[in-house]
Structures are given as C-alpha cells and as structure tokens.
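Here's the letter readout for the chains.
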Amino acid sequence: MTAKRNAAINIAGLSFLLADPNPHSAAIIHGILRGFGANRVIEVRNRHDAIQVLTDQKIDMMLLDPSLPPGGGLAFIRVIRRDPNNPVRTLPILVVTGDTRTSTVKAARDSGANMVVAKPVSPTSLYDRLTWVAFHPRPFAETNNYFGPDRRFKIEGFPDGSGKRTGDNDGTVATDEGPALSQNEIDSLLQVARTGG
Amino acid sequence: MSNSLGPADKDLREADRSDRQARAAAKAARDAAIRRAEAELALVKPRIVDHIKHECLRLEAALLAARARDGNYRTCVSEAYRAGQRLRDVAEPMGYPLVGFIATNLCTIVEAADEAIMDYPAAVLDCYLDALQLVQTAPYQAKTVNDIPELCAALLRAVQYTKALAARAVRSPGKPS
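Protein chains in written order, with the working numbering: chain A, 225 to 421; chain B, 122 to 298.
The hints are simulated quantities; they were obtained by calculation from the structure and are not laboratory data. For clarity, every value in this text was computed on a predicted model and none was experimentally measured. Each hint can be trusted.
With the Cβ distance kept under 8 Å, some of the chain A side facing chain B (calculated, not the full set): (1) N246; (2) H248; (3) S249; (4) A251; (5) I252; (6) G255; (7) R258; (8) G259; (9) F260; (10) G261; (11) G322; (12) R325; (13) P344; (14) P347; (15) T348; (16) Y351.
Simulated crosslink set (SDA-like; lysine to any residue; CA at most 25 Å straight-line): (17) B:K284 to A:A331; (18) A:K330 to A:F364; (19) B:K166 to A:R264; (20) A:K330 to B:Q281; (21) B:K148 to A:N263; (22) B:K174 to B:V266; (23) B:K166 to A:S349; (24) B:K264 to B:L277; (25) B:K166 to A:N246; (26) A:K330 to A:R302; (27) B:K148 to A:A236; (28) B:K284 to A:Q407; (29) B:K148 to A:S349; (30) A:K330 to B:A237; (31) A:K330 to B:D235; (32) B:K174 to A:R269; (33) B:K284 to B:D247; (34) B:K174 to A:E267; (35) B:K148 to A:N408.
Yeah, the Cβ is synthetic: ideal placement off N, Cα and C, and Gly gets one too.
All chains, please: the whole structure from these sequences, using the hints.
Quick look at the structure:
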C-alpha cells in the first residue's frame with residue numbers, strides 16, 4: 225500500500241477515450257492529459273462514435289460526461305457494465321461532470337463509474353483521481369441490478385457484528401440529500417476508507 | 122537503558138528513509154506533470170476564450186429575453202441553463218473565474234427550481250443577469266471570488282433563497298411558489 229501511495233503514474237502508453245459533447249470542455253481535458261504524457265486520446269461527441277471506438281480499438285480508460293447524447297452517459301455506462309459478453313465490461317470509467325448534485329454523483333456511482341471528477345477540471349484534480357483509479361482498483365461486484373466497482377466505499381465496521389456477505393464489513397456511502405458537492409465531498413462518496421474490522 | 126539501535130530499529134529507519142525518498146520522487150513527478158498540463162492549457166486557452174465570450178453573449182441574450190417575461194419564458198431560461206452549463210465547464214480554468222462562478226450558481230438555481238417543479242424566481246435571474254453584465258466589463262474580468270466578496274456573497278444568498286423557495290414548494294406541492 226505504501227509503495228502504491230508513493231508511486232507516480234505513467235500514462236504515456238495508455239489509450240484514453242474522451243466522450244464529451246462539449247468540444248471546449250473536451251479540449252481542456254485533452255490538453256491536461258497531453259500534459260501528463262498521454263499520447264493517445266480519442267475524442268467523441270456521442271454514444272454511437274464511442275461504441276465504434278470501443279469496438280475497433282484498445283482503450284484503457286474512458287472519461288465520460290453524463291450529458292453524452294443520445295440517452296446520457298450514465299445509461300451508456302450501464303449498457304457497458306451489464307452485458308456479460310462485453311469485452312470492455314470492466315473498463316475503468318471516470319465520469320467528468322459539472323453537475324455535482326448528490327443525486328447525480330450517486331447515480332454515476334450506481335451506474336458503475338469508477339470515479340467522479342467535478343468540472344471545471346484542473347490538472348491537480350485529474351492527476352489525483354487518475355492516480356487513485358490506477359493504484360486503488362476496486363473489485364467488481366455483481367448483483368441482480370448492478371455490475372461495477374464495489375460501491376461499498378466507506379467501510380467503517382458493522383454495528384451488529386455481521387456484514388451483508390460472508391467476510392464483509394457493513395458499508396456506509398453518504399447521506400441522501402444535499403446541494404452540489406465539492407470535489408472533496410465527491411471523493412468521500414467514492415473512496416475507500418477502511419476503519420473497521 | 123542503552124541508546125544503541127538494534128537490527129530491527131535500523132531496518133525500520135531504513136524503510137522509513139526509503140518511504141520518504143519514494144514519496145519525494147512521486148511528489149516531484151506529480152508536480153512536473155501538473156506543470157506540463159498547465160502549459161498545455163495555456164496553448165488551448167486563446168481558442169476557448171473566444172468560445173467563452175460567445176457563450177456569455179448567448180447567456181446574456183437568453184436572460185434578457187427571460188426578463189421580458191413573454192410567452193417563451195421557460196424556453197429562454199432553458200437556453201440560459203444550457204449556456205450556463207457550457208460556461209460552468211470551462212470559464213474558471215480559462216481565466217474567467219467570476220463568469221464561472223455566476224454560471225455555476227445560475228445552473229444551481231435553475232436545477233433547484235426544476236427539481237421542485239416551481240416557477241423560476243424572476244428577481245433572482247434578473248440579479249444574475251446584472252452580475253453577468255458587470256463581470257464582463259474590463260475592471261472585473263480577471264477578478265476572483267475573493268476579490269469582490271460582497272457581490273459574491275449576495276449572489277450566493279440568492280442561491281440560498283431559491284433553495285429555500287424550492288424546499289417550501291416541495292413541502293407544499295400545489296401551492297404557488
């Protein structure tokens with residue numbers, strides 16, 4: 225864990241798919257990734273092009289805006305995650321959004337996103353979230369209506385001494401209501417905090 | 122009591138030193154990557170600044186049309202919301218922090234009203250139109266929220282006022298907001 229925490233990311237060899245209908249917002253993220261050393265960043269403006277790229281090329285990570293047409297980016301994530309035969313079913317997906325209401329962040333998490341990054345994106349915020357996704361991969365969980373990274377992020381022990389699954393701790397994610405969240409508040413919804421046994 | 126270190130203590134010290142060295146290397150790599158990214162952003166900035174100016178005009182036009190209170194009021198607010206979303210995503214990192222602040226809060230206001238299915242608070246939208254026109258003038262363009270705290274605090278109070286209206290509308294559905 226210490227070695228992971230102290231490591232720097234090297235993304236030069238990775239392929240990124242940037243699915244954002246706003247070309248100017250995409251240009252900012254693209255520029256930041258290029259600054260980090262990414263040589264291969266493919267931009268798409270809609271779901272159809274995203275599917276085409278995912279089918280034709282090897283993509284290591286997708287950055288996705290929830291407003292991606294048609295149908296929205298979160299629905300697209302669900303499509304990717306739910307199909308057991310999809311070869312990119314476990315693709316790391318970062319949702320990049322200006323809408324940081326609790327309901328939206330939770331919807332992103334429940335669609336199977338690995339991480340939510342608040343717009344406007346800064347180099348610092350994106351670097352730290354990419355590092356988090358790279359060095360803290362979460363196991364994928366499958367239930368009747370969910371497939372994606374384990375959503376039980378904040379694990380603080382179980383009050384009654386029994387988890388939901390064998391060997392599990394109980395999970396607490398966040399309060400249900402509230403206004404737009406800061407990036408730190410989003411992180412607290414999405415990062416592992418194991419403090420209990 | 123002896124002060125000499127045993128083998129286990131030496132191992133711990135060595136591990137601690139390695140850990141500190143690794144942390145320093147990672148921090149240096151992170152700082153360098155962030156500097157390079159900021160340099161890349163400076164390259165794309167001129168193109169996006171033109172877009173920001175264009176979106177500001179669209180947002181202003183939509184809010185002015187909304188101020189006219191004609192039959193297209195909701196359409197105008199929707200158009201203002203879309204322009205606000207586009208500005209929210211790009212204005213601040215491109216050197217227009219107050220435009221970003223106004224766009225972000227305007228979106229919050231419209232979202233709060235939409236979630237509560239209530240009328241848009243016209244006075245609040247007018248207030249944001251005035252603020253948008255002000256921050257596009259030369260003396261305010263590069264200023265930050267901290268530079269004019271009184272104005273920004275007032276704009277945030279307008280957001281809180283809208284949220285209070287929205288909460289009331291949710292508690293008492295059917296009553297005019």
